[in-house]
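Put the two chains together into one complex, using the hints given.
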Amino acid sequence: MRRALLALLALLASGAGAEPRPAAGGVELFRALERAPLAAVAVFGAPTALDGESYAAVATLEVVLRGEGRVGETLELAWEELSPVRPVRFAAGDRVLLAVERLPGASIWRQRIADPQRLARTRSVARSGDAFVRSPALGSVRLLEHFLALPPELRDANPGVAHLIRLAEGAQPVLAGAALDRLAEVPDLDAALDPVSAGRLVAVLLRDPPSLGDAVLRIVARSRPSELREPLRFRAPADGMGPAPVYRALAVLDGSLDAPLTRSLFARHDSPAHRAVAARHADASQRGELARRLRSDGSAEVRAAAVTRLAELDGAAALDRLLFALGDPDLEVRHAAMQAVSGLGATAVPGLREVVDYGTPEAARTAVGALRACGPEGARALRTVANTHPDASVRLLAETALGGSIGHKH
Amino acid sequence: MRARRFLLALVTLGSLGVLGAICQPPAVVKILSPTGDVTTQSFTIAFQLTGAFTGTPEAFLNFQPLVVSQTGPSDYTASISGAATQGPGFPMQDDNLLLVKAVRTSDGMTVTAGQPFAYDIEKARAYEITSAGQCPVSGPLAHRRLGDYCLENDDARFVVQDVTAPAVPTDPTPRDFYSVGAFGGNIIDAVLPSNPTTDNFLELQAMLNIETVANYQTLTVVNDGQDGTAAIVRVCGPDDLLDFVNPSSAILDAGLAVPPGIDDNDQDITACTTYTLEPGDAHVRLDTEVFNNEAANLPLFVGEWMNTAGEVDGFFKPNDGVGEAVTGASRGGLGWFAERQIQGADRFEYGYVSPANASGYVTISGVTIITHAISPVVALLGVPSAFVVPAAGSNTYTRYMSVGDGSGNQAQELADQIFGRPTGTVQGCVTVGGAAAPNATVTVGTLAAGAIDAVLAHFITDASGCYSGQVEVPAAAGTNYGVSAARERVNYVGGTATPPVTTIELFPAGDLEVVDFALPDNGTVTVTVTDETGSAVPARITVVGLDPSPEPFVTATLPGFGSVDLGLFNDLNDDEPFGVVAFDYTGADGVVTFELETGTFHVFASRGTEYSLWGTTLPSESGAVTVTPGSVTNLTAQIARVVDTPGFVSSDVHVHGVATADSQVSDLNRVESFSGEGVDNLIATDHHVHKDYGPAIVAEGLSSFLASTVGEEITTFDYGHFNSYPVTIDASVPSGGSTDWAVAAPPGEDFPSYGNYNLAPSEIFTLATTNAQSTPATTVQINHIGSHFSPLKIDTSLVPPADAMTLADRASRRLHPTVPANLFFAYPALELWNGNDRGHQSEFLDERIGIWMNLLDQDIKTTAISDTDTHDFRNLRTAGARSWTAASAGMDTPSTLDPDEVAASVDAGRVVGGQGVYVQSRLLATDGSGGVADLTRTGSTTVTSTNTDVNFEVSVSSPAWAQWDTIEIYSNAGGNVSSVVVDPLNPYAYTATPITTRSEGDCDPTTTGDGDFDITVTDVFPAVDGAERWEATVTVPFTGLTADTWFVAVVKGTDGACGPMFPVYPDDLNAAANTTLADFVDGNVGEQGTMALGVTNALYYQH
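Going down the list, the sequences are from chains A and B. Each number in my numbering corresponds to the 1-based position in the first sequence with 67 added. Each number in my numbering corresponds to the 1-based position in the second sequence with 83 added.
Bound conformation, chain B alone (with noise of 0.2 Å):
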């Protein structure tokens, strides 16, 4: 570097004739300042001038003219501006050349002097990724590419995706539909420059009026911060529709009016945002600006559509996840930090900042909507925007986005900035049992009747136990405010139910407030898991109690930013189930030591429906455990596979992560819950990726107990969503190669009015099926099938099923006005049971069960699927419903299962689906032939009996711990017709009657003949405590059937005499019922709670 500067002055010096001039020595050009390379932000051009000159030097710095000044008889100095000393901007450089010329009053020669120098201070960048080693971005969520933009400096890093992503050259209308993300030209990645590893930000998309967004077509690096000013990227392009959302068919669907000018509404604008960052900011400031190409004023509800998906909480962000409260009225800032998963130096935060105060969000689809300068709710009463721009001229907005260290404030700080609100510091250190407490929260508030009840900042503490940071002070002495802290698996202060609030006063502005708290000591529990051969296995530990500590909260009111109820410390939505006090997966060692609040309770150790359970209340263990402070437990628990499940293989089929929209579950935790839990095969169903959990099963040493297939949940926004598997990933894209169900379109035309609709179901189908990630095997299902149906009104009683779409509900949708026809079509198969609770399987049963069955009647052999659409992770939806797929000899465990396989036996209907219960079903001719129809992968699902007899056969078999007694059959045989509307004016949703019920009596196998069957319990390892099965085979003849005919059994345990399956699932405990640690161990029989249950798929007989 040093040798190319110098050639550069040679060469410069020499065009110049200075080499000549120099050998004339009484007259010399002496540059004083600088000498060498400068390090300062600004500094001091001087030279001398030796000898007899004629005029006024001159000098210039990059071949730029500097204004010259004379300090003394010889002594001059020079700047750009005039000023004394030189400072960052034009036209500086990271490498510089000054030159100084003066006019030789010997013979009028010019003599020149030339200085080069690097300027070397801490500056911002903006710079094209041309190579890998630049950038350096990674973490869940990081998606940079070569092609993208860097914009970084000391304290961020930035990456803007390039418009030309994906680079497809053949692909005239180039987009990657993942999220908010179909656009290039937005902020995708975001990290402290110190700690590159941690992105989970995905992306960041200007919206022009609320459906549609900018699609930046152009990018420029408008100043590239060798200059020492601010590094700046601009994106230009048209409006075009953000096909992920359609607000306006959930507003219409809601009866509400749709704000006029929003629905799909082509406008002739334009935008440009501005994407700036200052050196030693951690935040880039951003700038749309709109530009109006129509010949009246146009207003527009601009704002943002904003996806931080990652592994993050939130601050005002309810029911996705999201839970601190960090703010009070008028605070401005949305935050977003590392949930509670992530410890120490993992941690991360980011901030967005609106500076107009009126500025509000909801929440649509996982994604974070920002309106600017006007409240959703305002604009959906008819309110116009009060941002308007100009006939042929242009308006901007702005707003601040940052990424921070996941100390936990920097949104709010960053709002007492932008805002310029007085703030003083809060800060202290935490301890449990007298030693740091690191990821302890700290919370800072307003006060009401002693309570906090509006959160102004929260901190989360460094690896000394220590917080410090800036907090608004009140307007006024004399306001107190409350300060509370916790740390998650410890009791409060003194051991109290609610947290104690210590009292301060922060005033005046810069007044320091010392606030430390010591937290009780706890304990450590160790369990230790074997299965019935002694050999370790993964499960899930559950604490069962009453929590000692439960999360308070406060309703905060936001002016401009919504007022909702959220955590005083955590995430309200994603926790754990009432009787929960903790759970915990082990690793595939079967071990996990966790943390637990002093206290008594049992634990458990469970593996999913297939096992047995182990728990402190078993009789040969000693009891409820009792954590002291600093006491360690170390339990061993043993549990054992009561149900085998040869020839079928679970899976579940529709999972979602962290690479998702709406969901923050790392893939640790995905991995680790799933093999714990005791599936198979985890279909990773994220909306719009391709994922791939492969990695971090071998990571985590689980391959021989879970498996991974990859697929992507299809979403449409109003029309339903559709799993696709098994897929490949494309790894040029960010979203792995996701099902574009929307089409691009050239850009700024992505609108129906130019032709362009979304596709119709049975275009997403063969989409699906025939794209380029897709494989011969990919089978495709509709899933939680509500959705689907009921939107676009298809009853599926009519024969065949058809739509009742008016051309306005088509429109509603982005559908072709005509085509297709009939916008049903048959799917291999239905999701229709998604979930984990009660209200899961009520949806299954009362709403959708009719659905499939009216399929069934019109030999439309659709296959039932069972699975759990688990977003989250503290609230145990990972231990939900699943289904067993048939598979061949060989190929029925973990390690040897085929995805092609799993996907064939979906196509085919060899699926059955259980919580809890696994059920087979077998129907049997009667007429001596021996044939038989059942769902294993060799039969077949049809039989023919000449005698048109058959026997409908049905086994059940579950752990002890999983309590049914119902068998219902369902049936069209002879004519029945199972289904039932559930609403006669909107007939899209049919729940079901069974045509025959066979029941055990009163759910107690030791009580025989008191029913149609009893059930036999089998001590299958004797030596594993509790490794019982429950099981029953239950016969139901039918005959002189005079027509092809299906046959479907489902079986369930009755809420009042089967006790619920708490804590393996553990949801919907009667909390009055359980008032002490001894209710949640005492049966819960009448206290609801999640019910067995269990369904096959259809068998048919053939007439």
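Excised from the complex, chain A in its bound form (with noise of 0.2 Å):
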């Protein structure tokens, strides 16, 4: 019954849209490759299926990056796929880069694989079958042979943080991304950067996928590695006219800005990124800018970060800004002065009623939204409005944030 509904199921969903796609792996893979029993590069076999939700392989070892295996070993590989729709994730003469780790002890595996000598010689691919990488380039395996062969402190340390910056730099998206988070996990990386690497680390600021620039600010957000300013500066020329993330990255790492740079940043008036950067780490000398910004940059992005900004420098004497910010035509603005009134709690609530019931429509909403973190005073506030106001919509968010009823209720 279960196998009929589930190939009715495929059968369906195979017509239903777009071809599905195998699972794209990736999925914690350093701490994986590191941990497992063996991390290697392997191709595959044909996989036969063990039942509904899981298929076997046979697999044979290309490389041993570290680990209990030699080249030319097969090993059998069992996996689960539990979305019914995809296909299966390993196909025959498929080349990849996984952990591979003993099989889960769950009961399951017993009834899928009755022979306890198959058994046990059954191995899995580590992070619930997640823990791989589709044919690796050979030079990303190279590398992290090198990463895996050192001991683990020195992982942690300047040889392997160069290995991981090199594979960021030029491995695949999914390996690239996966060597950043490994990166993110280093405990100094300001100690075990040196300026090669911080130079590399800079270029993958600006590397594509945007994702990888957005997982190295990350990076830099938490640890503030100093060996990367000269790199950083060195690619942010103080007329504004290098690359957005560069600016952003070097304020992440100092705090703010100084005001020539912001000036030439807010100067940019071809690039919203950039006057977003000045915005958003303005120090208080631009407070007069900031505010002029709320008010009239034609980009919702640096409304939207003078306004967290402003908050963040003036706290409650910025009350008016913010409140002028509820009814901003553009959600990420209005989001982000509903953020930064919440913040300032009991102080907000008169402002807030008077835009709930004076305010546009939008206005009123947001500040709805913005009553509900802002202690008792805000949940008082929100029942007279639930009760009273004469836009339903205000009605039903106001009752919505109560965590209240809505809809019909008989």
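Check before you lean on any hint, since a few could be wrong.
[Stated by the list, open to error] Derived pair list, reagent style SDA-like, types lysine to any residue, alpha-carbon separation capped at 20 Å:
id : chain 1 : residue 1 : chain 2 : residue 2
1  : B       : K876      : B       : K184
2  : B       : K184      : A       : A459
3  : B       : K944      : B       : G922
4  : B       : K184      : A       : A187
5  : B       : K113      : B       : S162
6  : B       : K876      : A       : A459
7  : B       : K944      : B       : G869
8  : B       : K184      : A       : Q184
9  : B       : K184      : B       : S164
10 : B       : K184      : B       : F200
[Claimed, not checked] Label pairs and their in silico Cβ distance ranges:
id : chain 1 : residue 1 : chain 2 : residue 2 : range
11 : B       : D599      : A       : D281      : 53 to 59 Å
12 : B       : A340      : A       : E135      : 28 to 34 Å
13 : B       : A559      : A       : A384      : 38 to 44 Å
Hints listed in this document are in silico derivations from the structure and should not be mistaken for laboratory results. Please read all numbers here as calculations on a predicted model, not as lab measurements. Every residue, glycine too, gets a C-beta built ideally from N, C-alpha and C.
Structure representation (structure tokens):
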């Protein structure tokens, strides 16, 4: 019955839309490669179904990166495909970088592989089958091999960090992203970075896809590695003509931008991204400019950054400007304003009530969202709004914010 | 079992040539440990080789190779991991076989030793339920069936519904349309194994993108738990619409934009939920992994549709019978616990914890929707979800559900545990008058101005009156908490109107604070009620006065979980009306005993519209009752049936109870309350459930006072509810055979984009009257009709009535774009009046009555229905409007009534409705023919009169406590149009104006001749104090009728002239005008309250 349903489901799904793609892999890759009993590149044979949710295939080890295995050895690998509409993740001939571990001990595997000897020798792909990368480039594999050959303490030191950054710079995106995830776990990145690696990491900021650059920014925000300052400055001329992510990283590294550079970035009329960096990281001397940007910059990204920065710089003193932003035509700005006002707590409640009662519909609704996080005073205000506001949409939002009951009640 | 193991060992050893080897004594393999069953989690596998052996011995546990370590010259240990001991996990099983093999030097033969043993520790288990005795669960919402799956350990038991349930082999798309539980694979029961009779949990359903949920198609026992680790069940399937709800239409109706991507959106995603129960845990962990098969990353509003449903109150869930605030800021735990009626060992509780900080919730149709990592209001503002599933990847969200013993604080303690918060212990005992006080509530919270302003924890005392639990400690020393205690019908400490607060400093983590409470003693009241014959009769006892210990409330602020006003101890919503300190119902023996706070009160006994009212206010009584500490008060009450309704039986045709998604009222409370309110026939109409109160009626000995009819409220989300009755029950499915108005579809295809739509009103009627659980007598009414005509934009003044729905309107309600062309369908009956208070009467008269009359004007003969639609108990909505239907001779009592005949009378329009008054009408020909139309079972509702003249006769009777003075006549005589549109721009609600009105004058029967008619007061049973009846018959002539004509009568009591019906129908009394006990019993004229009201169905003149 279950198999019939699965088959029906797969059939229906196959005709329903675009061709599904197999699992992408890359999940917690480095953690798995470093800890699993075996890290290797293997070539798969044809998979066979064990049941409706699991498959097994023989794979031949092509490269052993670390652990218990030898080149040319064959392993039986089993894994689950829990999304029945997806193609089986490994096909005959696939060359895959993977972390191999013991088959999970759960009783389901005893049912799937009844022969105890076979059960004992069957292995699985780590992280529930997702610790793999398809078709790894040879150069990347060699870098990985070197990384994994390092003693664990050196993987978190200069040699390991250098390898990780080279992978982030040159490997296919899924492997590059995994390398950055691993880099983010290095406890003292500043100490482990050398100038060459720092330069390469700045280059990753500008790599495609942008998610890699975002990952670098997160690393910068967390570790504040001073070694990055010089390569960043090298790419960030004072006239604001460098790439926006570089200015952003520099600002994150230093906590703010100096006033001349901020002005240069604000002057980039052609680039909202540059102006947004300026707005997000302006120092207190730029209050006036921030207020002006909040009122009149054509980019929602810039206005949102300005409202957030104003709240950071001035707190409750910026309340009027934050309340003004609740009525911004763009959701991004309204959301930023809502979060900023919410952080002010009870102080913001009277002003928010005014916006609810007299603001534009959009402003009133956003103010309701802000009241939600303004403590007991906000809650009391919401109760009044839910009961009395003339706009049904505002009442519904207020009731929702109270965790109340919406829709028909009988 | 032992013999089987031994045989297994022999067979195994024999197959390995061991028996032969054993005959060679010089070289021996001896297993030192284990030598018998293992009862500890970890144990040592040790063996010894005696004699000469070659190489390293091998050890196998359940045929899996172990890592062998040599610990001495001839001693070895082994384990699967190489550790010194073998612990839980692979390859342990319940019954195990350890084999040790070594090669004997002398001949190269392998010597093998074997040791079978049981691994007998506390385990969690997962298994399919294949026999009735497995996985025992019972209680109001127990739905476990063979084929479902059990997940249990010594501390908790959960049932996961089989994914193929209900098992209907011929149905390729089986589902049971029941609240959030249309699909299988979800948790449907949860109990403590030590007390498995308390299941009050309906269902928890993983939400994938607000309107879609996982329609699980596979169920796998991933780990059965034999190995001593967690028992794991996994269910997988595609996304599908949760037809039960349609939030996007509510959002659109409110003028908001629907968050992108959620509206009926079929996405190429599938999901698996893994239920994990560890040994020793009372909670199950839920991990839902969402697989994105699309080419782009998908932000999804994932979370939960959760329906605890049963006899529960809850934390942070206002407006639906939920009350006690148990947490303050950032607590993150939602809890549900047995409501106040449930005592002692029958108590239970459930907890739900989302570890994502920003999670929030809202209530829709009585069901809690929990959004993961985003507040619903933020989502409604258009902010995309932070839960993003990468293309061709997956993402997982986690949460926890627990079951507990009802001590009250489990959800918060679980949240503290999940969030890793430091806690201390607060414990103590509560006494009432020096005696242990079980079921008392103790609340711990933060302080502001000496009062608790945000509740951190709350406890229910156990049988010994004591409580103990963990409470999060403050961040730093010097922050005090407040602790207060209360017990129902007991004064607060010191007898004050607000509960005193004891201050504690719970710091640092691990601190213990002991807080005891000595509540003052209360009194006991026993009331014995008899009828006019002196026989015991069920009745309601109402204690009137000012509440000596009103419920305090706090505004709890819960970032991530909303901010709400919540009772400090109890539910704020389902509470007694103002002026009612307490009430209780007698059983069939007419006797009830209850505790009461100290104070002075008046006590009343009533039995609904047909009975007189007994009270301590009667001249024959000694006045108000004063309850003192330890006092025992015995009262004898006599009431009389002063309004006879020959040839008619009363029904409440719209009643909800614990089986429904949004009601927590027990079967016992339902049958006692309806028999106590004098209703002859309780028609159970739970949302999507077929339920029979017959067994409860029999169990309580109430068969001679109350009958039961099985019905269902067919509940579309956004275009109306429809009661069908009588129906039968399909015991094979949890819903009892609900009517699937949304229509099942193949898995993953229940979307309009596949051409799968909800049924239109006409199709719902057809399905309801022809499906397997219908009977030839089944009738269907449209409930609270405003919720039908308005969302479908049906203007009943049009000829014929027609809808004004655009394609977008139809799409928003998941209706077919073109079929049927007109969404209006003439149902047999319309519920014009549902409820018990002034607001409900206003809905009837000010918004709905004209809809009915629009139809009558077009000769669409539909029946007006009056009922309560009660979902609660304490708010006394049971005591509300009711309908009397015509019955054949001898079939007008609870013992003899026929549900089929009730339905037939509804179909035929032979119904009158009322609250406090009973009104009948006749239409008399004046042409000398003697022709008469009436509403009786054998009469005709139509009359002809050759002279075109008729007399419309209205007869009204009521007990003296229900005052009325106005008779309104509605008719289309002479082309009169009664209906009046409420909002011309939205012509879907209509009030009406009478064609003529007759007034008694001043609502005082003692003054005669001051109006159009006089009321006669009859002392029906002089021996019974207060057994008086008001009655009048008014005849209104209509002449020169030129067309078919209908006539309807409405009887009212006028505000300011007549008194309200307090305390029989006690709602809406003006609090400002009632500040003393005397105020409550002074007649209350002009003080609002609920006024008498009655209505007939139409009688017809045929031209």
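Which of the numbered hints above does this structure break?
-> 1, 2, 3, 12, 13
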